[in-house]
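Asker: Taken in sequence, the protein lines are chains A and B.
Using my numbering, you'd call the opening residue of the first sequence number 1 and step up by one each time.
Using my numbering, you'd call the opening residue of the second sequence number 1 and step up by one each time.
Derived by calculation from the structure, the hints in this document are not laboratory data.
Please note that the accuracy of each hint is not assured.
What the hints assert, rightly or not - Pairs of lysine-lysine, PhoX-like flavour, derived with a Cα cap of 20 Å:
#: 1; chain 1: B; residue 1: K33; chain 2: A; residue 2: K297
#: 2; chain 1: A; residue 1: K297; chain 2: B; residue 2: K86
#: 3; chain 1: A; residue 1: K457; chain 2: A; residue 2: K297
#: 4; chain 1: B; residue 1: K33; chain 2: B; residue 2: K70
#: 5; chain 1: A; residue 1: K260; chain 2: A; residue 2: K342
#: 6; chain 1: A; residue 1: K87; chain 2: A; residue 2: K297
So you can see what is in the structure, the chains are spelled out below.
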Amino acid sequence: MTRALTGGELIKMRTDGQATRLGMTFHPTVIVFACRVNGDPASDDQIAEIAYDTVTEGAFGDVLVDQTILIGTSAGAYDVGFCRVRKAATDTVLYLNEMSEIVWSDDLYVTVIDVFDIWPRHVRVTESGGTFTTHMDYDVVYSDQHLNCRPVPVLGSHVITELVGATVDVTCFDGSDSYVPGSTISAYSWAAPGASATSDMNTATPTITYDAAGWYRVACTVTATNGKSFIGYRRVYVYDDAHPPLWAFQLSGGAQVDWKRGGWSFRCTVHDEATLSEIRDRTLVMLFAEDFFEGTKQAVGVEAGRENIVVVGWIVGESISWNPINGTVDFEVQGPHWWFSKIEGFPSGMDDVGSATPASWLEMGNMTVDDTLWHLLHWRTTAPRTMDILLTGDSTSIGMYQASSANLWQQITAGSEETILAHPCCDHLARLFIQVDSQFLPVGDRAAIPVVMDIAKGDWRARDQVRIERRVVPVTGQLDLSGVVWTSATLSGIAMFGLAPGHVMKWHGGIEPKPRLALTDQAQTNLLSGLILGNLNNEYPAINVPFAMSNRAWDVCPRQYGRITVEAGDTPRGIALTDFKIIPRRVSLRMHEADGGGALLPDVEFEGYTTEVGGITGDPPPEPPAPPPPPSPPPPPLPPTPPVGYGMIVLSQSELGRSMDFFEAEDPHWVDILGDITGTLYNIALGSSNQLWATSSDGLWYCADAAEETPAWSCIMTDGDAETASSLTGHFQSVDVDGATVYAPWHIDGYAGNILGGYFTGNAGGVNFVAFVANNVAVHGTAGVGYVMDASEGVIACSGTIVGPTTGWIHSIGVGNTNFPGEYSMVCARDGFCEGWSGDIYEGYAPVGAYDAGNYFGVDVLDGSPLYVDDASQELRRATVVLADGNAVFGAGGVVSGRAIYGPQADADSIVWITCAAVAGVETLIVWSEDGFANFSDKTGDFYAEVDHWAGVSDAGGGGNAAVISFEY
Amino acid sequence: MARYDFEIGSTYVGLANVEELTVPLPPPASTYKRYALQVDLGDDTVRGFGLPSGTWRWQVLTLAQRDQLKTFCSGASETVFIQTKKRDASEVYDEFTVVMIWPEEEDVWSGRARDFVIQFRSMVEYVP
């Protein structure tokens with residue numbers, strides 16, 4: 001690519017008699033195929049193919065992909081437009097790059113010419129059924145293009161050679177630098193139409209011989225081991241005395257290149273010649289030189305076989321003088337960088353998929369910057385057809401690549417500079433090099449960069465003088481670098497931070513951030529920080545050397561150095577530089593002429609060599625403050641909550657009181673809910689859904705909701721209804737006690753005309769349970785036997801077991817389920833005794849002791865122990881022995897043993913009732929006395945807390961005629 | 001018999017002594033400049049650039065002689081072959097391909113061209 005000039009070459013360049021004769025040649029328009037448009041497309045928008053007929057020259061098989069098509073209103077004209085062959089033509093259709101700029105019409109002249117320019121390949125996205133498909137170059141869908149990549153031919157640039165004798169050999173094509181991502185090159189196949197002889201055409205370095213002047217196309221098919229191949233085309237221009245190039249022109253202002261700008265350009269003034277009108281717009285131009293050293297024509301340069309080429313470019317504009325006799329044209333010629341900058345790149349992006357198989361245009365395995373550049377250049381342009389493209393060779397992994405909508409040069413620049421500090425640049429042979437700048441390479445890696453020459457004082461023109469710009473104040477005080485070390489194997493990245501010179505910035509200069517680099521490790525991060533800082537504060541940013549030698553080895557790419565030694569006595573400032581490497585950044589070639597002769601001499605602006613300045617591990621940026629929490633949404637409106645609480649209902653023989661705040665308030669509020677109930681009240685019972693039943697001497701009463709503000713009572717069974725109830729179920733009369741029919745509990749007839757002692761309860765253990773007292777026998781129903789208590793119709797069915805035989809009146813029944821797991825325990829209070837059942841009839845038990853002597857009212861079960869009221873002693877007693885089994889009651893000895901838990905009170909009122917209520921999950925015992933209800937009630941569990949009387953029921957009660965329930969609402 | 005060896009021809013094989021042309025010319029007074037320009041170098045030396053140039057000068061030519069020269073340069077300039085003295089101080093002649101420049105102005109008086117000067121540029125020694 002480039003190299004140090006040899007001693008012999010330098011001797012020639014340092015001797016008298018160097019001369020340059022500039023020549024120029026324009027690529028001619030060679031017609032491959034000519035035809036006419038067949039038909040007029042319905043629309044000129046998004047045309048990608050065109051039908052043709054009337055072939056006047058060539059055959060469609062001669063048409064090569066990416067050749068140029070001229071569209072005109074006359075044969076060979078391009079006044080309507082240009083386009084490109086997108087893929088192989090058929091016998092009726094030419095496939096074009098998708099476009100909208102040509103106004104098509106039938107019979108337009110179509111001329112395919114043997115020209116391969118730099119064209120964009122557009123991206124097209126189609127949608128079908130909600131699925132989007134990306135196509136490259138109009139219709140190339142992804143299959144395996146990122147897995148088995150196409151190779152890139154690197155063949156060397158075009159060639160200009162002089163035919164002096166009978167033949168001339170061209171031996172400078174060399175395909176060995178061709179490459180392919182993820183594979184290797186396996187074969188070369190050269191073709192050289194028009195050559196008089198060829199050899200080694202299946203090697204990287206063919207020999208092609210010509211025996212006549214003219215322009216020739218050379219093709220090389222490069223094949224990779226992955227099976228993919230790609231053809232590159234180059235040109236050979238052969239001239240002789242009889243077929244000379246253009247000698248008569250002026251190189252206006254010289255030819256120049258700027259490393260930052262990225263490529264070469266020149267302007268030339270061409271005098272009126274017959275061939276000027278034949279020069280096609282945008283045509284390939286080669287500026288070349290015949291060089292003379294010591295008065296002898298010879299080629300001296302670093303590019304073997306191409307030493308004579310000054311600049312390769314394409315016409316991008318012209319200035320024409322209006323002079324029919326002696327007119328001139330100023331052509332502006334630019335290198336490939338200019339054309340890339342004129343191609344608008346579609347937004348591009350790719351993700352690394354590591355070792356997985358890329359499945360779309362957006363994926364690449366084990367992705368590097370070179371992979372992304374390959375995609376951009378190969379799939380978004382036709383550049384690899386016609387020029388060498390050499391990538392960075394950097395193997396740093398990157399996780400993702402994104403290019404916003406910009407021109408292709410900007411995309412290439414951003415994709416390389418902002419990741420690995422590589423810079424794209426085209427040399428004078430129109431080869432694109434994307435290389436990490438030498439200033440950002442570790443010093444140890446710079447050894448391979450050639451020093452083109454050591455510049456001596458005799459190498460530059462004294463009149464123009466060498467100027468050394470020296471920076472004495474840093475422009476950058478601190479370099480703040482960050483990036484990611486990406487691991488393809490795990491598809492994960494680690495952030496790296498570097499600082500140079502360190503945490504404290506230099507005395508002068510601002511802070512320069514350098515974010516988002518692709519890095520390899522922390523050591524490299526630190527080194528890179530120092531290298532960038534060193535370069536930004538380059539002490540010698542510009543050293544301009546006006547060379548006095550015909551030396552065209554200088555270029556801004558590929559990487560190269562010059563080297564100078566400045567002795568202290570050489571400058572007024574006493575600056576001494578010894579073997580100081582300098583890097584060419586700008587080159588200008590100008591003809592220095594007199595008396596019609598001269599030489600093309602370079603003026604080169606170099607940049608001084610820099611190394612790292614500091615470089616340490618940087619600090620991760622502080623976590624950004626947490627964003628303020630978003631304002632809380634207004635709480636949803638609460639659903640209306642039903643009132644929750646526990647109420648209490650008590651009764652005397654004539655009054656039914658309800659308090660909704662009995663358990664909360666010190667002074668409960670009572671209301672009378674007797675309503676329509678008539679007769680002497682006996683008892684109340686609560687259903688599972690707060691249904692309320694009450695028994696009176698007139699019947700059985702039902703209320704749907706005990707918590708209703710004004711409970712509505714209805715009489716659901718009255719005296720004489722037993723038959724009705726019985727008829728509903730057929731069970732009442734089938735209850736058998738020792739073979740005798742007993743009546744339903746609410747059957748009044750025959751039992752003193754009332755339902756004295758009638759009692760029922762429900763919802764024991766989650767199962768509706770009914771127990772009732774009828775005369776002197778008790779009946780309770782159990783699960784499985786069959787019992788139903790309908791809420792609104794009272795007891796409509798019951799079958800169960802008769803409790804008895806017993807003697808005396810049963811006054812009350814208490815129901816619990818704690819003592820008899822699986823059953824429903826009952827205790828029964830009757831005259832002279834208190835008994836318990838486990839579901840079976842207790843027989844033969846003879847109560848003894850104190851417990852025979854009196855009436856007992858109110859029984860219940862609390863915490864597993866039966867409670868009862870000893871009317872005679874006015875004591876509330878609690879059995880000390882838990883009911884043990886199905887037959888035992890109150891103690892192993894058959895004697896109910898118990899103790900008073902609530903003794904006689906001062907007013908000597910009789911305790912008339914107790915009840916146990918579950919209040920907020922706590923069993924609570926409520927006790928009250930005869931004279932005023934609730935003289936002694938407990939709602940706290942210690943049995944001694946006293947609550948006020950129910951003001952509405954005073955001294956109205958009678959023994960055994962009171963009941964109390966609590967309910968939840 | 002020619003006295004000097006100044007030759008000219010449109011081709012190398014056509015080189016002919018100016019004194020022996022169809023219309024013979026007198027031998028010219030010639031100059032030879034080795035370099036088109038000299039450049040002062042940073043080490044105080046000088047380097048010559050550009051191909052050699054030279055002139056042939058005649059005090060007087062007849063119009064016929066002038067027209068004889070014109071046959072080698074029909075336009076303002078023409079590439080021709082010449083043989084001329086390389087150094088004035090010696091009698092060494094060399095063959096060159098040159099660009100022959102016809103004088104911009106001609107001083108023709110009384111049927112004669114006076115002080116007639118032909119310039120030669122881009123003189124490249126020719127080695128057949």
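Asker: Would you mind marking each hint as holding or not holding in the structure?
Answerer: To see whether the hints hold, each was checked on the structure:
no., hint, result
1, B/K33 <-> A/K297, "holds, 18 Å"
2, A/K297 <-> B/K86, "holds, 18 Å"
3, A/K457 <-> A/K297, "violated, 26 Å"
4, B/K33 <-> B/K70, "violated, 23 Å"
5, A/K260 <-> A/K342, "holds, 17 Å"
6, A/K87 <-> A/K297, "violated, 45 Å"
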